[in-house]
Amino acid sequence: VNHRVFISYAGAQQAYANDVCRRLEAAEIRCWIAPRDIPAGSDWVERIPAAVKHAELVLVFLSTEAVVSHWVGRELDYAIATKRPVLPVVLGDTQPSERLHFLFGAIQHSRMPAQPAAEDTNRLVTQVCSLVQDKQRVLEFVSSAEPTDAPPPVDPFVHRVSTARPAYFVLLVDHSGSMNRRVEAGTVRVRDAVADVVNEFLHRLLQSSRKTDGYRDYFDVSVLGYGLGETGQEVLSRLPDGEDRMAIGSLYGRWSRIAESERVQRLEDGGTTTVTVRRPIWVESKPGRGRTVMAEAFRRAGDLVESWIVEHTDSLPPVVLNISDGGWTGEDPMSAVRTLQEQATSLGPTLVFNCQLSAAGTMPRQPGRPLLFPSEVPKGYDHRTTELFLLSSALPESMRQEARARGLPVGDDARGLVFNAPVSRLVDFLQVGTRTQV
Amino acid sequence: VSQSGEPSIRQWTVAHDRSHPEWNEDASRAELAVAPDGWTAFLVVADGAGSTPFAGDWARALVEAARPEWVVDGFADGVEHVRRRFDPLRDGGRDVDFILEENWHELGSASTLLAAVVTSRRGTTRCRVTTVGDCLALVSEPGALASFPLRASAEFTNRPETIRTRRPELEIKSWTCDLPAGSALALATDAVAAWLLRLREREGAGSVHAWLRTLSERDLPDVDDDATLLVLDVPAAPVRPGRFNWLSRLVDRLRKSLPTRDPNARRVPE
Numbered sequence: 007v008n009h010r011v012f013i014s015y016a017g018a019q020q021a022y023a024n025d026v027c028r029r030l031e032a033a034e035i036r037c038w039i040a041p042r043d044i045p046a047g048s049d050w051v052e053r054i055p056a057a058v059k060h061a062e063l064v065l066v067f068l069s070t071e072a073v074v075s076h077w078v079g080r081e082l083d084y085a086i087a088t089k090r091p092v093l094p095v096v097l098g099d100t101q102p103s104e105r106l107h108f109l110f111g112a113i114q115h116s117r118m119p120a121q122p123a124a125e126d127t128n129r130l131v132t133q134v135c136s137l138v139q140d141k142q143r144v145l146e147f148v149s150s151a152e153p154t155d156a157p158p159p160v161d162p163f164v165h166r167v168s169t170a171r172p173a174y175f176v177l178l179v180d181h182s183g184s185m186n187r188r189v190e191a192g193t194v195r196v197r198d199a200v201a202d203v204v205n206e207f208l209h210r211l212l213q214s215s216r217k218t219d220g221y222r223d224y225f226d227v228s229v230l231g232y233g234l235g236e237t238g239q240e241v242l243s244r245l246p247d248g249e250d251r252m253a254i255g256s257l258y259g260r261w262s263r264i265a266e267s268e269r270v271q272r273l274e275d276g277g278t279t280t281v282t283v284r285r286p287i288w289v290e291s292k293p294g295r296g297r298t299v300m301a302e303a304f305r306r307a308g309d310l311v312e313s314w315i316v317e318h319t320d321s322l323p324p325v326v327l328n329i330s331d332g333g334w335t336g337e338d339p340m341s342a343v344r345t346l347q348e349q350a351t352s353l354g355p356t357l358v359f360n361c362q363l364s365a366a367g368t369m370p371r372q373p374g375r376p377l378l379f380p381s382e383v384p385k386g387y388d389h390r391t392t393e394l395f396l397l398s399s400a401l402p403e404s405m406r407q408e409a410r411a412r413g414l415p416v417g418d419d420a421r422g423l424v425f426n427a428p429v430s431r432l433v434d435f436l437q438v439g440t441r442t443q444v
Numbered sequence: 006v007s008q009s010g011e012p013s014i015r016q017w018t019v020a021h022d023r024s025h026p027e028w029n030e031d032a033s034r035a036e037l038a039v040a041p042d043g044w045t046a047f048l049v050v051a052d053g054a055g056s057t058p059f060a061g062d063w064a065r066a067l068v069e070a071a072r073p074e075w076v077v078d079g080f081a082d083g084v085e086h087v088r089r090r091f092d093p094l095r096d097g098g099r100d101v102d103f104i105l106e107e108n109w110h111e112l113g114s115a116s117t118l119l120a121a122v123v124t125s126r127r128g129t130t131r132c133r134v135t136t137v138g139d140c141l142a143l144v145s146e147p148g149a150l151a152s153f154p155l156r157a158s159a160e161f162t163n164r165p166e167t168i169r170t171r172r173p174e175l176e177i178k179s180w181t182c183d184l185p186a187g188s189a190l191a192l193a194t195d196a197v198a199a200w201l202l203r204l205r206e207r208e209g210a211g212s213v214h215a216w217l218r219t220l221s222e223r224d225l226p227d228v229d230d231d232a233t234l235l236v237l238d239v240p241a242a243p244v245r246p247g248r249f250n251w252l253s254r255l256v257d258r259l260r261k262s263l264p265t266r267d268p269n270a271r272r273v274p275e
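If you read the protein sequences in the order shown, they are chains A and B. Each number in this note's numbering corresponds to the 1-based position in the first sequence with 6 added. Each number in this note's numbering corresponds to the 1-based position in the second sequence with 5 added.
Hints may contain errors.
Derived coverage of chain B by chain A (criterion: at least 3 residues anywhere in the stretch with Cβ under 8 Å from a Cβ of chain A; other residues may be distant) [what the hints assert, rightly or not]: (1) 19–30; (2) 55–64; (3) 101–107.
Calculated Cβ distances over 10 Å to all of chain A for the following chain B residues [stated by the list, open to error]: (4) D82; (5) D92; (6) P93; (7) L112; (8) P154; (9) R164; (10) P173; (11) E176; (12) K178; (13) W180; (14) A186; (15) R203; (16) G211; (17) T219; (18) D224; (19) D230.
Quick caveat, the hints were computed from the structure, so don't treat them as lab data. Positions of the beta carbon are idealized from the N, C-alpha and C atoms, including for glycine.
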């Protein structure tokens with residue numbers, strides 16, 4: 007490690023951050039910047055903290071996107087925890103979040119236009135060069151905030167949903183060939199079980215939107231299947247008529263069929279009776295043939311989330327739930343997820359949760375034990391599991407409570423990740439990840 | 006605070022979506038009877054659980070059926086009576102689809118309920134409260150605020166106890182307290198109750214008392230939920246036999262002795 011400046015930025019400022027990096031290095035100030043300095047296949051969890059820890063200065067670009075960025079937040083947390091000097095550069099009229107204001111309120115910072123001109127950048131580069139060449143001045147100019155007194159982040163999910171401020175859930179469902187495997191020998195296929203749970207989930211949302219006078223559109227939903235189409239690499243909507251997004255009430259009557267089953271119901275007098283239960287089926291189980299093109303699925307989700315947020319700036323942040331049975335193929339989804347997590351409503355950034363189900367023989371090299379909303383980087387799993395952990399947003403307090411109510415012992419830093427889990431845990435994953443109050 | 010020597014009750018309710026007051030799933034009722042030598046009040050408030058079907062109907066059914074004797078004894082029997090008769094599919098005359106029908110059969114309806122009886126005799130005012138769930142009774146004085154069944158805003162959870170049509174078991178809690186002269190008893194559904202407790206935690210009990218006193222001049226705060234608040238103002242000067250009370254007693258006696266054709270004719274209009 008021989009860099010002097012660590013550059014922290016949100017994806018939207020990547021080009022500008024790279025430009026500053028280039029200019030600093032032209033001035034012989036070696037920088038560390040992602041993703042350039044992360045070797046392919048290496049562990050992000052180890053690389054980023056090490057790079058922060060060894061930097062003489064952490065240069066952070068605070069933009070509207072950075073304020074809600076999961077990544078920038080974690081990099082800053084680590085910089086402050088390790089007492090690295092931090093130089094915040096506020097871009098445009100970015101309003102720091104309550105937390106950043108607390109952390110940086112007393113620290114001097116630089117201000118720059120949202121689209122900095124060449125002379126602004128030159129001034130910044132000169133300032134950084136001057137700071138790192140005079141360590142004493144660094145300490146005078148940029149102090150480190152105490153890390154322990156930061157107020158806990160506010161849980162946006164304490165807010166109730168309403169028709170004026172609906173919630174938005176995007177389900178991403180893997181349709182790769184491996185989804186045809188059976189949960190266990192002789193039992194249901196993974197894809198059938200996933201289709202059942204997705205239909206049940208939509209049904210539950212519809213139920214909680216049904217009031218005596220009709221349906222109230224408390225929720226918008228999208229269901230994207232990935233690994234579809236002739237190439238096996240397409241991402242397609244699984245909602246009726248291929249609609250990208252539907253208000254929950256409009257799902258009523260738009261099912262492909264109603265499945266009926268018999269169920270024994272207990273009576274108040276202690277007896278039982280058999281009742282017919284009807285379940286709408288919107289999403290049929292499709293044979294999996296394609297590849298696990300997770301990056302493309304997250305990118306499509308990003309497009310949907312972006313257009314939804316424009317219409318619902320004051321709603322709960324969208325929640326994207328990805329259901330798969332294995333690691334991705336092809337492009338690493340890290341960048342697409344990072345962009346997705348930087349899209350935010352006024353109540354907070356988009357949450358991304360991941361569920362990987364175990365089917366016979368899909369993950370032979372991974373440890374057998376399931377991970378259910380882990381708080382720490384999983385040890386002993388391969389780098390993709392580590393990256394999935396990093397890709398998964400932290401569970402807000404209300405969701406942690408929901409998980410605990412379901413008997414899952416989640417910690418305060420739990421992430422929305424269920425890995426190598428039995429299919430039966432899919433219900434918990436969806437119920438925890440979409441916990442809202444109507 | 007009533008300065009007239011007589012108690013008074015003020016009531017507010019607003020729907021979460023203020024453009025749809027008919028979507029309000031809270032319910033409340035208040036009765037006040039003033040006699041020459043004292044007064045009694047009965048207040049009840051309920052919050053239908055929006056995650057269950059027919060929640061507003063269930064809250065209203067409970068509030069309409071509630072009686073002062075539920076507070077002392079008979080809460081469980083009273084609720085059970087309402088529970089057995091409540092059938093929104095039969096009574097509603099509504100267009101019910103299979104989603105709602107199954108929802109009703111699977112979940113049933115749920116609501117919280119809090120009822121309070123206040124009696125004031127010879128300058129002593131006592132209050133008894135019985136409740137299931139997280140509606141709150143708050144006794145507010147200029148320098149103190151007591152609340153039941155929760156004491157701090159952090160104690161509210163997303164899973165309060167409720168009265169459910171599908172489950173006869175009840176977790177009933179009761180409380181008895183004195184209401185000093187000049188105090189106010191507030192009954193509030195969860196969101197507005199939590200807001201009041203947060204106001205106390207932030208600014209002190211005096212702020213809550215001042216806010217309750219001047220509430221008539223404005224609306225309830227936007228608490229991101231249906232909100233209902235009943236406020237009983239206890240007179241600063243308690244009702245005592247005084248120089249004019251002999252006259253009101255005489256009038257009362259005369260009224261009772263007069264024949265009437267219509268039993269409603271003697272009712273004081275609301």
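Hints, one by one, checked against the model:
1. 19–30: Coverage by chain A holds for the stretch 19–30 of chain B (4 residues, Cβ < 8 Å).
2. 55–64: With 6 residues in contact (Cβ-Cβ under 8 Å with chain A), the coverage given for the stretch 55–64 of chain B holds.
3. 101–107: With 5 residues closer than 8 Å to chain A, the stretch 101–107 of chain B meets the three-residue bar; holds.
4. D82: holds (16 Å)
5. D92: About 13 Å separates D92 of chain B from the closest Cβ of chain A, which puts it past 10 Å; holds.
6. P93: violated (7 Å)
7. L112: Since the minimum Cβ distance to chain A is about 8 Å, L112 of chain B lies within 10 Å and the statement is violated.
8. P154: holds (20 Å)
9. R164: Since the minimum Cβ distance to chain A is about 7 Å, R164 of chain B lies within 10 Å and the statement is violated.
10. P173: Non-interface label fails for P173 of chain B: nearest chain A Cβ at 8 Å, not farther than 10 Å.
11. E176: E176 of chain B clear of chain A: closest Cβ-Cβ about 17 Å, beyond 10 Å.
12. K178: Given that every Cβ of chain A is farther than 10 Å from that of K178 of chain B, nearest at about 21 Å, it holds.
13. W180: holds (27 Å)
14. A186: Its Cβ never comes within 10 Å of chain A, the nearest being 38 Å, so this holds.
15. R203: holds (12 Å)
16. G211: Check passes; 26 Å lies beyond 10 Å.
17. T219: holds (27 Å)
18. D224: Its Cβ never comes within 10 Å of chain A, the nearest being 18 Å, so this holds.
19. D230: At roughly 6 Å from the nearest Cβ of chain A, D230 of chain B sits no farther out than 10 Å, so the non-interface label is violated.
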